[in-house]
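As given, the protein sequences belong to chains A and B, one line each in that order. For the first sequence, position 21 (counting from the first letter as 1) is numbered 298 according to the working numbering, and the numbering increases by one without interruption. For the second sequence, position 153 (counting from the first letter as 1) is numbered 139 according to the working numbering, and the numbering increases by one without interruption.
Keep in mind that the hints are not guaranteed to be accurate.
Said to hold, decoys possible - Calculated pairs, DSS-like style, for lysine-lysine (alpha carbon to alpha carbon, straight line, at most 27 Å):
hint, chain 1, residue 1, chain 2, residue 2
1, B, 128, A, 319
2, B, 266, A, 303
3, A, 449, A, 285
4, A, 449, A, 430
5, A, 526, A, 449
6, B, 192, B, 128
What the hints contain is simulated information worked out from the structure, not anything from laboratory work.
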Amino acid sequence: MTAAAVKKTMRDAFIGKALEAMASEKDLYFLSADFGAPLLDKIRTEYPARFLNVGIAEQNLINVAAGMAFEGLTVHVYAISSFLATRAFEQVKINLSLHSQIRDVNVNMVGVGAGLSYDISGPTHHCLEDISVVNSLPGITIFSPSDWVLAEKFHAYALAHRTPKYLRLEGKPVPAIYDRRPEVRIEDCFCELQKGSDVCVVATGFMTHVALEAVKLAGEKGLKPGLVDLFLLKPLDGEKLLKTLSAYKTVITVEEGFIGAGGMDAIVLGLVNGSGLELKVRSLGFRNKFVFERGPREYLHSLYSLDAKSLAGLIEREARP
Amino acid sequence: MCNNAGKTPDAALLAELRERAKWVRRETLRLHKLAPETRVASSLSDVELFVALYYGGLLKMNPANPRDEARDRVIVSKGHGGISLYPILADLGFFGKEQLDSIGTSGSILGGIPDEIPGFETINGSLGHGLGVGCGMALALKRRGSAASVVVLMGDGELFEGSVWEAVMFAGFHRLDNLLLLVDRNKKSMLGHTREIIDLDPLDAKFRAFGWEARAADGHDAGTVYGALSGLLPARGGKPKVFVADTVKGKGAPSLEADPLCHIRNLTPEQVDGLIEEHK
């Protein structure tokens, strides 16, 4: 990341595109579970017939959106990540996932506050299980962007693909990564931000920024680790990812999520296990434990060896065993 | 306000509705004999509701094109109570009558709980989903200027699901007057009488408090049910509407009617044969 990279929230980027699209896409609706954003106020005032606040009622949010989608509408539903997929899990399972197997269900679940975005709010607001939970259901696209440029780009993808989708958006403003890589498409699933040798870090969401810092630190020690930013976890072009990873000996997966529980680590491990590649996979995240410690995100990362310095150290140990 | 008094069926229609109800009961029992896993008691309490809707000329439907844009949407939220709708949909031509005999067998389109079957709007079976989904459909239809109504059937035991009340609040506040909820108030859920689990009374007053127009009446008298539903469909008039049908779980099968646990009871083939004779 460069000092000049523009910081912006993913939600503003996505909602900005939604606002633009609503002018021509008459079947696009925006539903919120009493969760806001300044740009959302514009949608609410400019398109009052197509904006609905269902109240703090995530189950009804998903059910109402499903009913609208069954009638052919495109519906964005908007809530805090930690209350979206889990509070309404069965609604997501039955009315989005199951029905999407037999008909179009274009409901885009926009969850804001992935991982430790709400750092000091504590474990009820941390969202560490969403990838595992959503990944357990068939047919739901999982998008976990690392910057607002991708989040913005995803809007056109969301309109074009008439399937249920889960967007795990970071809550805090993040610098752009993809402003200088306009060729990257959502369908690419991932981007090898740095090509390297021996060790490759596979990161998603906010952790890609930490990983960028870590590979820089490792570089200062003469190492050249690779870095893959994985942003479309499902449907994933697994063959292409394996091809990229086959250039390395060790893969370190890094996510703000529970590991060993079906999250991104499991997706990568599952691919590697079935591939015949001799790749060692290490996984960083939170193992079987909620984060009770209070403090800013960088502090929490340091407690769980998820900070850039710790990750750089692990890269070094793996590269020079 | 809607408060349409509803129509009194003429003698010929009344006779037909009564005959149809008997026939649906016989067919439901026959299907239960073919597939004993079906929840027969739950499918016997909603018979007159389906009969009034489908044979009373109250629903806009097109069996040749089950997803016809102009159709009224019917959601059977108490999915296990949908066995009694199978013979009706087959009779009306939504799918072939021969499918009925295949219920529960390998490759059949008909299972113990309806899923992807022509004439069924959504897949239910897990309780508490139908009303919220119905709200979404009703809202979409209103925005589109459609004249179609959305009809949702739920059991009273299903009202214990919290998601139902999120949807009740939503429909009342947004004045979804193209939405009609039918509550099959058979007063029993799996483990006994609903009044002993959490008493739902006063039920119609609860709906009124949330901005609904509510009516309660006998759910097995063909003329009463037709009269009530004909005053509620097509659903309009500024408020969502609920018809609380006072029903008996296992209606028409005395051993089930008398049993608080009838939801999970099966009838023996001999019992079914005897009941079919009685309902001729």
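Now the hints, each set against the structure:
no.: 1; hint: B:128 <-> A:319; result: 23 Å, holds
no.: 2; hint: B:266 <-> A:303; result: 54 Å, violated
no.: 3; hint: A:449 <-> A:285; result: 8 Å, holds
no.: 4; hint: A:449 <-> A:430; result: 18 Å, holds
no.: 5; hint: A:526 <-> A:449; result: 34 Å, violated
no.: 6; hint: B:192 <-> B:128; result: 25 Å, holds
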